[in-house]
Every structure is written in C-alpha cells, then in structure tokens.
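Chemist: Taken in order, these protein sequences are the chains called A and B.
Mapping to this note's numbering: the first sequence position 495 is 495, numbers consecutive.
With the second sequence counted from 1, adding 1000 to any position gets you this note's numbering.
No wet-lab data here; the hints were simulated from the structure.
Remember, it's a predicted structure, so these values are computed and weren't measured experimentally.
Backbone N, C-alpha and C define an ideal beta-carbon position, used for all residues, glycine too.
A few of these clues could be false.
[What the hints assert, rightly or not] If you want the ones that stay clear, here's a sample from chain A, every Cβ over 10 Å from chain B, calculated: (1) K23; (2) L100; (3) I242; (4) T246; (5) S308; (6) K329; (7) R342; (8) E435; (9) L436; (10) D440; (11) R466.
[Said to hold, decoys possible] Stretches of chain A that chain B covers, calculated by requiring three or more beta carbons in the stretch to come under 8 Å of a beta carbon on chain B: (12) 264 to 275; (13) 316 to 325; (14) 416 to 427.
Here's the letter readout for the chains.
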Amino acid sequence: MAEQVQEYLKVERQQPWREELRKAMKAKERTDITRVKMPEEDPHFRATNSNEVNLGLTKEMALQEARRCLDCANPTCITGCPVNINIPKFIKRIEQGDFLDAARVLKDTNTLPAVCGRVCPQEVQCEVNCFYVQKLGKEAVAIGHLERFAADYERDSGNISVPEVAEKNGAKVAVIGSGPSGLAVAGDLIKWGYDVTVFEALHEIGGVLKYGIPEFRLPNVIVDVEIDNLRRMGVKFETNFIVGKTAGIEELKSEGFEAFFIGSGAGLPNFMNIPGENYTGIFSSNEYLTRVNLMNASNDEYDTPVYSGNHVAVIGGGNTAMDSVRTAKRLGAEKAMIIYRRSLEEMPARVEEVKHAMEEGVEFLNLNNPLEYYADERGQVNRMKVQKMELGEPDSSGRRRPVPLEGSEYFIDVDTVIVAIGVSPNPIIPSSMPELEMSDWGTIKVNKETMESSVPGVFAGGDIVRGGATVILAMGDGRKAARGIDEYVKARKKK
Amino acid sequence: MADLTTRYMGLSLRNPLIAGSSGLTSSIDNIVELEKAGAGAVVLKSLFEEQIAIEANASLKKAENNDLIYTGKSEALDYIDLKIREETLSGYLGLIREAKQRTVIPVIASINCVTSSDWITFATEVEKAGADALELNIAIMHADHEIGSEEVEARYFEIVSKVLSTVKNIPVAVKISPYFTNLAHMVIKLSETGIKGIVMFNRFYSPDIDINTLTEKSTGTLSNPSEAANVLRWMTILAGRTGCDLAASTGIHDGTAMIKQLLAGASAVQVVSSIYRNGIEVISSMTGDLEKYMEKNRYNYIDQLKGKLKRDENSNVAAFERIQFMKYFSEIV
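Assemble the whole structure, with the sequences as input and the hints as a guide.
Modeler: The following block contains the structure:
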C-alpha cells in the first residue's frame, strides 16, 4: 500500500472510538469466536424457485462476527481488495452497532457494496489475507457477509445515503457499458463534479450484473438500488445505445464528450468447435442466462421463451457453468449435469457455488469431455458423445492437464446443452476504432496505472481489458480509470 | 528426353522429388518457391499433437506475466488449449487452401500424432480444405517397459483405421520409424489397411552428451547421407511386397541417392536436409541428375527403372543379410 494510504489508515485506527472498541474485548476472546455461517434457503425448496439462496446475516450474527475482527495495526485484508475498502473501519462500525455508518464507509470506495457482498470471491481476495488465515490457521473474518449485511441494512432502513457531489466542473465524460467497471467510473467521476453519461447497449442497466448473474445469487432489485443511487447523484443513463454502431466515439466527441471509458465487457461466448455444436438446443451460457435473467424467458407468456430441457448438460466448471446449471434446475430440468474435463479440485468456480449446486441435486461428471453432438430429424440435439479424461502433467498454472482416455467414449441423452467455457472481449468498439492497440487475447491494451488506452482520452477497464474477470477487479479498474480521466481532463484544461 | 513424371498414392507428380515436411513447407511463400524450384509435390509441415499443449502453456504463461489479464479463476483460460487449437488448426487449413490456390503441384497435409483421439476430426477438415493427400506421421518412441510391442503396433492400426473411416476422398500415407521387432511384417500389414503410401522413415530427436558440461544435447536436426543406407535396405526388401506405394525419406541428399531409392523400388523420395544444407537449387540439380541418368541408360519412363534392383520376392532376406555380413566383415571381425 502507498505510504499515504498507510498513514491515513493509521490515523483512522487511532480514532478514540476504535481504540475503545479494541479495549472492550481481549484478543483471545475474539479469536475464540467461531466464524458465522450464512443462513441459506433449503436446497430442495430453493431449487424450484429463483429466490435468493443466501439469506443474509441477522443483526446478532453480524455483531458477533464483527467482534472477531482484531482491528489489526497492519490490515492485510485491505491489500487483497481491488478497491481498497477500509475493511477494519466498516467492521468496527458494525461492532459498534452503527450499521448505517458502516455502509457509508463501504461507499467511500465501493459503488456497489451490496453487489460485492454477494458475488465477490472474498476467499481469494480480502479474506485470504486476513490475520486469522495468515497467522492463526483459522477461518477468516466473514468480510463479504458483513459487507452485504451493512449494505442491505442501509437499503432496508430506507436511509440510503447519497455520497456528496462536488460542484459541476463542466467536463463531459462518456462511459461505455453499464457493468461494474462503468458504474465504478461513473460513481467516482460524478462525485468529483463531472457530467457523466453511461451508454448501455441493452435495454437494462447493470451489464453482467443483470444479464449474467442469476436472480438466486444476485437479485436485480439489489443492483437497481445501487444504480438508482448513482442516478440520484446525477449520472445519466442511455439504454439501447451501441457505441460503435448507434454512434461512434468521434460523433460523441462532437457532442462535447472530452474523455471516454470503455467498459463493454466480455460478451463474446467461446465454443468448443466440435461437430454438431450448431444444433438447436445448444446454447452459449451468455445467451441462456441473458434470456432468463433479462428477457424473462422462463415465463411462457413472454415473446422469447427459452427451451427448458429435461436433460441438461452444462459444459465447463466456472461460476457461469454453475449459474447455468442451477438455472436449468430451477426451470424444471429432471437431470442437470456439469460436464467438466478436469477434476473438482481444478474447477474455477467458487467453492460456495459448487457446494450449492451439489446440494440442489446437480450431477457432476468431472473428468469428462464432449466430443460430438447428435440431433433428431428436426435438428434438435438429442445425444452427445463424451470421452473420459485423466489428469496428465501440470500446465504452467500448476493445474494438471486433462488427457483423453483412449477408447472411453460413451453417449449421454440430452435435450439441452449449455456451453460455459469462458468468454472473449466484446469486439464491437475495437472493430470501430482500428487505432486502438489490442493484445493477443483481444483485450484493449492500457497503461496499468491510468487505464488509458493507446488513444489519448480513451480509457478502458474491466473484462474488455482483463478478459473475463471478477466484479470487484472490474470496479478496481473503474476507480483507477476515474483518477486517470480526472488527471487527463485537468491536464487538458491547463493547456 | 526422359519423362520424369510418376505416380505416388494415385497422385500424378511431375517428378519423384517431394519437398518433405519441415519448416520449409510451413509458409505459402516457401511452398511457391519450392514449386518454382521444381519439386514434384510438397508435404506441409506437420501439425504436432503436442504442439497445441505447448502453445497453450506458453500462452498461459504469457497471460500470467501480464498484470492486466485475469488468470486466477478464469473460465476462458481454463479452456485456452481449445482456443489455441482452433487458431492453430484454422491457420493450417488456411495454408492448405492458399497452397492449393497458388500452386499446381500436389499438396500433402501432414499430422504428427501419437494417439487416435480428436485428430480424427481434424483429418476430415484437412480433406475439406482441399489437400490432395494426408500423411500421418506416427512418431511413437516407446520407452515404457510395461507396454508390449503388440500394444504399440495395435495403436498404429487404431489410428489408421479411425482416419480411414472418416477420410474417404483423398489418399492417406503413413510415415513410420524403422523401430519394429519385425518391420517387414508391420509394413506389409499396414499397407493392407487401405492406406495408399508408406514413408520410410521418420527421424527422432538424436541425443548426444556434452562430457564437459555433463548435459544432454542434440547431434543436430539434419540427416546425413549415410542414413540413407537403412532406408535403401528396407526399400529393396519391401518393394513389390506391399499393397501400397513406398516413399523413401532420410539421408537422400543428391541425385545419386534419389536414383538408388528409385531403383530399389521407391515411388517417390522426400528431401528436406539437403535443401536446408544446399539451398533450394538442389531440387533442380537432383532432378537434372535423374534426367541425365535416365537418358544415359535409355530409360524413357520412371517405371522402367523403379524397383529394378528390388529384392526378389522369393528370396530369403535373412540368409542374404547374413551372407553379406560375412562377406564384408570377415576381414575385420
């Protein structure tokens, strides 16, 4: 952490209220408390509806968990947070019982605390750096659960704080894409007095938070509250506007926009390119989830219903695969399967998502890989050929490479297949700006300090730069880009 | 003037010299140059089964060294080998298409495989892209003492059978090594599977040791003219006994070496190391030597000299080899 930040954290920690709280309990008493368990809906019941699975902590639970935090002199948890939330401070506000102020602390650096509290992989970010994990070999303080608690408490109380906004400085900034990076940029720039317009290609604001993450993991209403907060701060939103098609960057420049942030995400699905992948009933996870999450496709009365199969195979082992298979289960699939070519240990999905999927009756065919799809006379997929795999030598990431087992091919009856093997960056904007430098992965190359691209005044962040990452990393990029844009506009004005 | 045209795997070649699979045949510009230099056909650089894994690993490493690319739990990188495979294979198919557009000589695609898994799908793509033939370079160097020779041989037949079940419209050749307990039996059995050619032989990495640094090193990647002798031995033994054409490969560095293989029974020869060593002009020099030899000896057609010195089909090869050994080694043994 930068010296300045460390100094700030030190001063904050020396506040009398923090010192008083630290003295209120012995460290031993704190470390003896067992980590809270997130209450969940019953698996049998929840697999039949789209209610949120995690129910959130009660006040008592939150207070007890907050007591576990030792308010360390060197808060290593913060180093794991891409947006540098002052984690001990917000947790201590919870311990103090001032839940609204805890939410305010979160919002100082995080535009979407209720979202991050639900979907961030805290176990590999802030929580893995917690003193409990690093030094005591115990379970980390449940930072994510507490973050969600504070944000939900504020929302439910009706006392949602709107961060202060500086006087308008007259500079217009266009944010392309309303996903987590775009919302983070907008949140910071609006606070600093910029005139911010967010352009969204779809009819709903929220990007991947809305189209990609199902209701049972992140209810749309939670995202809407956070977006509404930005609206109240003055951010303007234009939906059904595809920058690069509806209008280009140059046209927007002529409308007075001085700087641009591209946060158009990674919406281009990857396929395996195996025979039969074009048959009816085979979807990309993007299409499947977007139809269900954003277009109400599970409701027969809507114009674009999705085919809800009885035997559904989802290819892949990431969070998107888990979201897809659990969605299929909720749409009534008798048999919902994960087909993944490595073992459970190598799965990129969060442990919690895998656990939830297993509890809900999802079958896991690990060390299996599709080879070919077959269809009936109407072209509807009805069978797939699968090959068993074994694990070979580790690849450069240390994970063992899947190797086909010769002669192990067999068939599975399926009527729906969802391919969830990752996404590539959205190509629309890069293809409309040939001067934009791109990487081998189809991502926009940026200066990692300022997030400025090879085109002056054009910044980028999130999945279009990282190629399919996490919500919080995208938000971290957004915040960094906001500082970059601020410096760029100020320097321009000085000239 | 002697007619150098010949037929190999049912393909018509303007002469029997084929530019073998190597870096020389990996780009369209080189392929065009090889045609201009007089090659009768080209075998494209082999796509190695392991190449995809190696490239995927390199790509993963590159991503890990880039702070901005998310590698931690990335779903896309979890399947990066598929993407690399797709890019590599589509690049290869593009090379076939372009080679067919810009040249008239036969273009033979090549796959270097050790298993019979998803390469089979790719073999059909090669056919669709317009390759005139497919050469399967089955390079298995077995060092696993727990695998019996029968199992090793069975894998060859499994690969061939799977490829032939999907590649129906173009001829398939198999390039093999000489390392079999009974090479003659293996070659004849393979030639009866429906393949149209057998290429003898592929070369493996050739190890050496640096005694000063105590490290392993390579003796070099190019062949030597002395290596042609073993090919010649098996060509004379097997020509006329197989159900498909034979092509000679390894150690054929000049016109004389090419003529010897033709006399022994080869339908064509594959040349690589000599082009690397002597330049692309060696092709016209070798075909020129062949033409002169044919004119001098009054051969009008390749078929008149092809197999002229092959071993009699009824000869006892083992007894002959022992007599030759005694004859030539008696003075020094």
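Chemist: Please go over all the hints and tell whether each is borne out by the structure.
Modeler: Status of each hint after checking the structure:
1. A cut-off of 10 Å between C-beta atoms confirms that K23/A is not in contact with chain B; the least separation is 38 Å.
2. Remark: the non-interface label on L100/A is consistent with the geometry, its nearest Cβ contact in chain B lying 34 Å away (cut-off 10 Å).
3. The Cβ of I242/A lies farther than 10 Å from every Cβ of chain B, with a closest approach of about 23 Å, so its non-interface assignment holds.
4. Non-interface call for T246/A relative to chain B: holds, since the shortest CB-CB distance, roughly 28 Å, exceeds 10 Å.
5. With a least CB separation of 23 Å from chain B, S308/A remains clear of the 10 Å interface cut-off, as annotated.
6. No Cβ of chain B comes within 10 Å of the Cβ of K329/A; the nearest lies about 20 Å off, and the non-interface call holds.
7. Not every CB of chain B lies more than 10 Å from the CB of R342/A, the least distance being 8 Å, so the non-interface label is violated.
8. For E435/A, the non-interface assignment is confirmed: its Cβ lies about 19 Å from the closest Cβ of chain B, beyond the 10 Å cut-off.
9. With a closest Cβ-Cβ approach of about 15 Å to chain B, L436/A is found to remain outside the 10 Å limit, as its non-interface label requires.
10. In this structure D440/A is not separated from chain B by more than 10 Å, as the shortest Cβ-Cβ distance comes to only about 7 Å.
11. With a cut of 10 Å on Cβ distances, R466/A falls inside the contact zone with chain B, its closest approach being about 4 Å.
12. Coverage of the stretch 264 to 275 of chain A by chain B holds [criterion: at least 3 residues with CB-CB distance below 8 Å; count 6].
13. Evaluation of the coverage hint for the stretch 316 to 325 of chain A: fulfilled, as 6 residues show C-beta separations to chain B shorter than 8 Å, against a requirement of three.
14. Counting residues of the stretch 416 to 427 of chain A whose CB lies closer than 8 Å to any CB of chain B gives 5, which reaches the minimum of 3, so the coverage claim holds.
Checked against the numbered hints given earlier, the structure breaks hints 7, 10, 11 and satisfies all the rest.
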